[in-house]
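*Asks:* Sequences listed follow chains A and B, in order. Mapping to my numbering: the first sequence position 200 is 200, numbers consecutive. Mapping to my numbering: the second sequence position 157 is 1298, numbers consecutive.
Hints are computed from structural coordinates only; laboratory data are not their basis. In this text the structure is predicted, and so the values were computed from the model without any measurement. Where hints are given, some of them may not hold.
Said to hold, decoys possible - Mimicking DSS-like on lysine-lysine, the simulated pairs with C-alpha atoms at most 30 angstroms apart in a straight line are:
#, chain 1, residue 1, chain 2, residue 2
1, A, K739, B, K1196
2, B, K1319, A, K707
3, A, K750, A, K690
Unchecked claim - Restraint-style ranges between C-beta atoms, simulated for each label pair:
#, chain 1, residue 1, chain 2, residue 2, range
4, B, A1330, A, N791, 46 to 54 angstroms
5, B, D1312, A, E374, 28 to 36 angstroms
6, A, N757, B, K1302, 36 to 44 angstroms
For each residue, glycine too, the CB sits at the ideal point set by N, CA and C.
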Amino acid sequence: MSNEDLYHKVVGYVELTIFPTVVNLNRIKLNSKQCRIYRVRVNDLEAPFLYNDPTLEVCHHESKQRNLNYFSSAYTAAVSAVDPDAGHGELVIKVPSELWKQGDDLKVLKVYIEFSLDQPKGGLHFVVPDVEGSMAERGAHVFGSCDEKMKIFSCHRFWFPCVDSYSELCTWKLEFTVDASMVAVSCGDLVETIYTHDMRKKTFHYILPIPTAAPNISLAVGPFEILVDPYMHEVTHFCLPQLLPLLKHSMSFLHEIFEFYEEILTCRYPYSCFKTVFVDEAYVQVSSYASMSIFSTNLLHSAMIIDQTPQTRRCLAQALAQQFFGCFISRMSWADEWVLKGISGYIYGLYLKKTFGVNEYRHWIKQELDKIVEYELKMGGVLLHPTFSGGKEKDNPTPHLHFSIKHPHTLSWEYYKMFQCKAHLVMRLIENRISMEFMLQVFNKLLSLASTASSQKYQSHMWSQMLLSTHAFLKSISNVSGKDIGPLIKQWVDQSGVVKFFGSFAFNRKRNVLELEIRQDYTSSGTQKYVGPIKVTVQELDGSFNHMLQIEENSLKHDIPCHSKSRRNKKKKIPLMNGEEVDMDLSAMDADSPLLWIRIDPDMSILRKVEFEQADFMWQYQLRYERDVVAQEEAISALEKFPTPASRLALTDILEQEQCFYKVRMQACFCLAKIANAMVSTWQGPPAMKSLFTRMFCCKSCPNIVKTNNFINFQSYFLQKTMPVAMALLRDVQNLCPKDVLNFILDLIKYNDNRKNKFSDNYYRADLIEALTNSLTPAISINNEVRTVDNLNADVRLILEEITRFLNMEKLLPSFRNTITVSCLRAIRQLQKNGHIPSDPSLFKSYAQYGHFVDVRIAALEALVDYTRVERSSGELQWLLSMVQNDPVHYVRHKILGLLCKNPPFTKTTDSALCNEALVDQLWKFMNSGASHDWRLRCDAVNLYYMLFGLTRPSCLPLPELGLVLNLKEKKAVLNPTIKPELGVGAVMDTPASIGIHGVGMSYPDPVSLGVCGVGQPPQGLKRKADTPLGSPPEPGQILQQQDDDGRGFNTMEDEDIDMETVHDSQAFIHHHLNLLERPSTPGKHTHTHTHTHTHTHYIHVLKTLLIHGKEKLPFNRKKPAKPASGRGTHLPQLVGGEGD
Amino acid sequence: VFSVHMVGEGSVSICSIAGKATSSPAENYLLARRRTLQVVVSALLTESGFESAEKAAVETLTEMLQSYITEIGRCAKAYCEHTARSVPTLSDTVVTLIEMGFNVDTLPIYAKRSQRMVITAPPVTNAPVTPKALSAGQKRTHPAHIPSHFPEFPDPHTYIKTPTFREPVSDYQVVREKAATQRRDVERALTRFIAKTGETQSLFKDDITTFPLIAARPSTIPYLSALLPSELELQALEETDSSEQDDQTDGENTDDPGADKENSMLPPSGVVPSTKASEDNVIDNPYLRPVKKPKVRRKK
């Protein structure tokens, strides 16, 4: 072992107190991954145990199947097999027979597990910078890298054995022994910190008296700098050394978020303290755990940074919202996840509305709506509340997806993000229905029930109030509001898909009636039919009028009577929706019609996409005079199709109007650029936006020189940043960027002067580089010559000079988050792609290395992915894939796969030399076993596989000769013996209590997976195992048992395995036995001794968890919440009492 | 041509041209003095019992004597000017000699010593005429109210303002232009220098010098340089920060009166986190509490 390795180790000890609620409890199943378990005792008796993780390798035998359908079902089966909600786990502990009697009397069982974690690949993440000095000086730290999704993915089994489910609540006592220079931050209250006897280490004692599920427990250890919040002393912030000034600034407004949530929820923050920890190489930006949140250190910023500030505040607000809903109140089952995500997302939205204003809020809602609509129309529906009847794959509610949504662990990352997005939008729909007041009352009720329950120390059955189910939520809503939201729930929650409307209208002059036609597309993927009310707002000359129309099965046309006559009163002001009265120039409108504009579903109270047809002048009126930002944005996107001088004028006016929301103005910039390009032959005057920019930002005396920067007005700052970027998209008749635009941008760069500004201009400069990038057009290539410096275009030379200088200066004076390097790398890739400079990946490779700032790495990787696609380079693809397997940063690995999916080197429909058998095998292996330590990564790999090869067998593979026939045969042959346990499970399922008795732990509902995973090719499996070098240290998934157990335990183990006869297990059985045989020569066994491990662990010395466990794990029956357990749970008074002391 | 050159060389060249034909009165004057000094040195040598001396030795001693006398003169002049006079007096000379470590009392005795040799007085040469100062412009005559016995006005160039620089450009455009160009030049020169002296990367295979990029070098803690503002920026930040902080601490004092009491009851043992001992007095936070010493293990 190298010195470095010694640091990546955890030795731990878990103590669980179990209150049996059933008789005949002779097996206990826990979740544990990659831990090496040394020893298990139950009430001081050595207990034999079995460790089997079917997700380590999803498809066991070397099948040549390679189709994704097969993989997905096998993977789902493997995850189901260890699903804690169904009472399964990787670690099966046999209760010693001496204690059976005790269990029958429902007496307390105590389980002690000693384990270690050696260089974990997932779950815990160690960051140890490679510099001289002590660990503290190096800023080394470790943290539970579980993010929001990983949390739902329950990654906690990755770092300590537990019941890795949100529905198993218990109180916690946590102890962490770490080096004296470190701080261990974990959930609950820090009771005391005590030195070890040699005074070189400290032990942190935490107590979490609020019942909490294991996935909500986390840990961060590092040489953190500590900041006590100046406004709330019970809130403590932690950051890595040297970042304290940034922490102070970034956290200076956290108390406002606290106040906001406590006020709207009329409920105090449920935990007695709150901790924020900022770590490097975070798995995701934000993750919340009971009374603590872990953030990416990259969210910290100084007071000079504008753009990062709102982002950081949003992240904090999200984290805090999840403290209430997600941590304190957690979900009853996976199917109820949407409620918690929905509520936390919804109250986060309320915070946005209060802090950033209604415009920002509505803009955000529109953005989220557009996102979910786009995703669902492209990828198929997102289902919030899936129901799985009988657990059969046939009943898959989402057959359009290439993954199963039955478990959080099998979800694609993108899908989960969209799931969250939809969840909070649906909450908003509910709010629209029952009013915000009732909505907040519901939340308050849920919270107060939960907090009453949490204080009930002796009645753990009460704790189920802290778990929220869809049913309970809906019931609470109907109790509080008295309204039936059933149809709404059925439409958006129990059903996937969005609504797609097409609208058009005609004005009937004779009847003075607006004839509106609304059609729907509910046949294409991701759509659903909508029946119900819809609001239409019509702006007429006499004012704005709302109409509620009823969308019915067969009616398409709706007649809306108009209030105004088409005759226009001269000089009369026109009243708007908000009561404002404005003068309008009405010359543009149709003389026969009183209609100014029409909006369908203006409040976004349906998850829909509307394609509405109205005349260009109506869009222009809508843009100019409608005060809702959403309407303005819709008008801007519609005007792209109307390149006329009138559109130009409307957009320019909006651009200049300072009262207008800045994001609308930014959007108008890009629309104006598009219109200008479409009108290129008739365009009059200087290039679009140039004179405007000059007027707003340049010196009066010398219009070609920009004023020295002063970003005190953020609206104009954002506009100043955006306009050059949009201008650079302008093209002249030759389809080149106009010369004076390019010179203008170069002048902006040249005269940029930030000396007197109190804000940093790094984002502005980065955008100017982006503008340069946008101005690039493909090079005229003369007979494919090699690109050299000499034949460089003169303009490109100027651009390249700027980029070179910027990139070089960044080495000497780095900008915040290296934004300028990021822009430069993008620019260089664009230069390569357009053939101005030779296409070469080596520069990007060097920037993609570990050791650069993560944003820079991602930008470089993006360029490399693009290079791989354009040049069809298998070398670069391999390079990327090896990085996916080996990079130390989880986020980067995830991101590479995400980038490859977004910009795939080839797709299932295109032919490519890259698509070959070796690549298929490589990706398959990675999904199958390579990514077993990281759910997210595995799902990313599945996504990529889907993107490249589709659901079926990849076309580049040779036809399976007889494989298919053989498989079929195998299936039949194997099916018979394995049918029995499956039936057995089915029978036992009805009486959940008996599961524990018989210990039929794993069911494989899918016959396909049964057949294929069966003992079809045992010799291969054996051979593989035998290949393992005998001297090699055991892998995390392998079993290490107490040595003195061997003689006796060996036989019992064999007996054990027989009733675990599932197909996976038969394989695992062989593995296991080989392990047992191997064990004498395994060096790993020496690490059993306690003293030895002590000398090796510098970080976390002992992780001791005492669980006061409410009940024995039971497969949770969603329909009868908590009923089987309630009443039967008993508690250990002395333990709880001791805690109180 | 030669003579002009010689004059320019000044006294340094005197030795080397000693004995040669002289051409200017100033030169003659100096040479005569020098020759006298040489005689003095020779006499002193003879007095001390030397019969002959190498030319180089005599020259060296002459040189030493000359510089000694020069130093006395320079020093005495300095003393006299220090007291706002223009002609040195005896006392100036005496002080100078004392300053130079010479015992002045021995001088009269030495002067009256018996065996001293009498040398002839140096030949009379005309003192060199100081060249007339260059006059420029017309000298002003006295105005009526100044009596004619007052000194004349100096040359006008000594008191008239004669601008020798151009008016500084205050035109905004030019200033900006200049600042921009200057910054760009500095940046380019600096980056080129770094690129020249270190590793580089290039976008072109054939030409690695036209657009040299400083090689990307991974750092051990990349987030530090990416997040922290540069030192210059940080200074400005701290200024604003400290004012904010003051407000906050004020609030703290009134905020939590109970915390103070509780904190004071804690045992003072252990290590107090060093960074903000002053703030700790009012904040009770478990992370700021001292680490406890291990208890002596009790037997159950």
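*Asks:* Which numbered hints does this structure break?
*Replies:* As far as the earlier hints go, 1, 4, 5 are violated by this structure, in ascending order.
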